[in-house]
Amino acid sequence: MIFCLLAVASMLEQAPPGAPWNLNEFQMLAVPVCAIIALRAIVQLIRRRVPRGVGFLAVMIWSAAALAIAFPYSTIVVARWAGIGRGADLVMYLALLAGLVVSSYFYQRIRQLEILTTDLARTAAIAGAKRGAAEEHRG
Amino acid sequence: MQDSSMNRATRSLPEDLWIVIAAYNEEKRVGRVLDELLGTVCNVVVVDDGSRDETAAVVLRRPAWLIRHGINLGQGASLQTGISFALQKGARYVVTFDADGQHTPSDIPALVDALESTGSHFALGSRFLGHAEGIPLTRKIILRMAVLFTRLLSGVRLTDAHNGLRAMSREGAQSLRITMNRMEHASEIIDQIARSGLKYVEVPVHIRYTADSLAKGQRTSAAIRLGLKLLVERTIR
Chain U
1 MIFCLLAVAS MLEQAPPGAP WNLNEFQMLA VPVCAIIALR AIVQLIRRRV
51 PRGVGFLAVM IWSAAALAIA FPYSTIVVAR WAGIGRGADL VMYLALLAGL
101 VVSSYFYQRI RQLEILTTDL ARTAAIAGAK RGAAEEHRG
Chain P
1001 MQDSSMNRAT RSLPEDLWIV IAAYNEEKRV GRVLDELLGT VCNVVVVDDG
1051 SRDETAAVVL RRPAWLIRHG INLGQGASLQ TGISFALQKG ARYVVTFDAD
1101 GQHTPSDIPA LVDALESTGS HFALGSRFLG HAEGIPLTRK IILRMAVLFT
1151 RLLSGVRLTD AHNGLRAMSR EGAQSLRITM NRMEHASEII DQIARSGLKY
1201 VEVPVHIRYT ADSLAKGQRT SAAIRLGLKL LVERTIR
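Protein sequences, first through last, are from chains U and P. Residue numbers in the first sequence follow this note's numbering, run continuously in steps of one, and reach 139 at the last position. Residue numbers in the second sequence follow this note's numbering, run continuously in steps of one, and reach 1237 at the last position.
Incorrect hints may appear among the rest.
[What the hints assert, rightly or not] To list a few chain P residues with every Cβ distance to chain U over 10 Å, as calculated:
no. : residue
1   : LYS1140
2   : PHE1149
3   : HIS1206
[Said to hold, decoys possible] In silico SDA-like pairs for lysine to any residue, Cα to Cα no more than 25 Å straight-line:
no. : chain 1 : residue 1 : chain 2 : residue 2
4   : P       : LYS1229   : U       : LEU100
5   : U       : LYS130    : P       : GLU1116
6   : P       : LYS1229   : U       : VAL102
7   : P       : LYS1199   : P       : GLU1171
8   : P       : LYS1229   : P       : GLY1050
9   : P       : LYS1199   : P       : ILE1224
10  : U       : LYS130    : P       : ASN1025
11  : U       : LYS130    : P       : ALA1056
12  : P       : LYS1229   : U       : LYS130
13  : U       : LYS130    : P       : LEU1038
14  : P       : LYS1089   : P       : LYS1229
15  : P       : LYS1028   : P       : ASP1016
16  : U       : LYS130    : P       : ARG1032
17  : P       : LYS1028   : U       : GLU114
18  : P       : LYS1199   : P       : GLY1119
19  : U       : LYS130    : P       : GLU1027
20  : P       : LYS1140   : P       : MET1183
21  : P       : LYS1229   : U       : GLY99
22  : P       : LYS1089   : U       : ALA129
Source of the hints: derived by calculation from the structure; they are not laboratory data. Virtual Cβ for every residue (Gly too), placed ideally from N, Cα, C.
The task is simple: from the sequences and hints, build the whole structure.
As structure tokens, this is what we get:
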């Protein structure tokens, strides 16, 4: 939320009065995509199709992405507010943290699935336990 | 192969002692291991971990229990399956034993005696307190490093952290829940023993290394991967 407010502030700071926004090709492609995904996340949140926390997080992340791409100067504003030298450094640190969080999440999910699969295989295996022949087995 | 120490063991091994063996593609060796064990122990369960050879058929020609995993899950998973089965059958003691002939059945009485005489719930075999016949130098170094690694990770001081020959009481076996399916299970067991607060003791055992067992054993690169996996598990979970 703070990022969004600061992005709006930088937008007002950047745009000269009356001048149209000057977006490059990447911005023209990426901003609408991020905005659409953010809108979709809002709709899913309103319709309660996702847990509330997940929904809010998705809306914030995609909105922040759209604003950061549309107004790159906003990353500098936020970085300075956070005591980081450059906007690019801020984006890199956030991407690194996000990567670690996502890796940790998926590792834990994989481990849970591994444990569930093993328990399932174990139950089936034990149900089929057999005892071998009790007669003379040497030879 | 039965020696006089095993004959002495015949009189002392409890009837509710269960041996758990995890086996994967051991058709050539598991038969001999079972022949050595079944002369003196009533209850042996072999967990065939998705073998692609005749391991299951070899086991079923002997009066041992066979449990088959539908897919290869790993030694850790197989041991937990065997332990769970033994507990269901009312085991008072559970001993884990390798299928490749590295372990000596005559060590089993000493493990059980250690449990009973010290009131411990885990008796962990140590080749460095006992004897490791034919152990290569590189294997010795890796095992010593594993001891140090275990000490750093779990705070447990052992002389042999990766020995598959271990005995546990019913309470000890019930306290374990092996979730690491592959070779990391050995460190997980030590970790869980430490966290359980249950008493454990190390017992000298005799390990036999043969060309076969060395060929099938852990490579150095696998040991390094194991260590990294344990670190990741500790950090993330």
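Hints, one by one, checked against the model:
With a closest Cβ-Cβ approach of about 32 Å to chain U, LYS1140/P is found to remain outside the 10 Å limit, as its non-interface label requires. Consistency note on PHE1149/P: stated as away from chain U, and its beta-carbon is indeed over 10 Å from all of that chain's, at 20 Å minimum. For HIS1206/P, the condition that its CB be more than 10 Å from all CB atoms of chain U holds, with the nearest at approximately 24 Å. Between LYS1229/P and LEU100/U the alpha-carbon distance is near 16 Å, which keeps this suggested pair within the 25 Å criterion.
The hinted pair formed by LYS130/U and GLU1116/P fails the criterion: a straight-line CA distance of about 31 Å is larger than 25 Å. Distance restraint check for LYS1229/P and VAL102/U: the Cα-Cα separation of roughly 18 Å lies within the 25 Å cut-off, and the hinted pair is therefore satisfied. Between the alpha carbons of LYS1199/P and GLU1171/P the distance comes to roughly 11 Å, so the proposed pair stays at or under 25 Å and holds. Among the hinted pairs, LYS1229/P with GLY1050/P is consistent with the structure: their alpha-carbon atoms are about 23 Å apart, no more than 25 Å.
For the proposed pair LYS1199/P and ILE1224/P, the alpha carbon gap of about 30 Å is over 25 Å, so the pair is violated. Only pairs whose Cα atoms come within 25 Å are accepted, and LYS130/U paired with ASN1025/P is accepted, the gap being roughly 19 Å. Using a Cα cut-off of 25 Å, the hinted pair LYS130/U and ALA1056/P holds, with the two alpha carbons roughly 10 Å apart. As the CA atoms of LYS1229/P and LYS130/U are separated by approximately 35 Å, the hinted pair breaks the 25 Å bound.
About 16 Å separates the Cα atoms of LYS130/U and LEU1038/P, which keeps this hinted pair within 25 Å; it holds. Between the alpha carbons of LYS1089/P and LYS1229/P the distance comes to roughly 34 Å, so the proposed pair goes past 25 Å and is violated. Among the hinted pairs, LYS1028/P with ASP1016/P is inconsistent with the structure: their alpha-carbon atoms are about 28 Å apart, more than 25 Å. With a C-alpha separation of about 20 Å, the suggested pairing of LYS130/U with ARG1032/P holds against the 25 Å cut-off.
Between LYS1028/P and GLU114/U, the direct Cα distance comes to roughly 30 Å. Violation of the 25 Å bound is thereby established for this hinted pair. Restraint check for LYS1199/P and GLY1119/P: satisfied, since their Cα atoms lie roughly 7 Å apart, inside the 25 Å limit. Between LYS130/U and GLU1027/P the CA atoms are separated by roughly 17 Å; this keeps the pair inside 25 Å, and the hint holds. Between LYS1140/P and MET1183/P the alpha-carbon distance is near 17 Å, which keeps this suggested pair within the 25 Å criterion.
The straight-line distance between the Cα atoms of LYS1229/P and GLY99/U is roughly 19 Å, inside the 25 Å bound, and the hint therefore holds. For a cut-off of 25 Å, the pair hint linking LYS1089/P to ALA129/U stands: about 12 Å separates their Cα positions.
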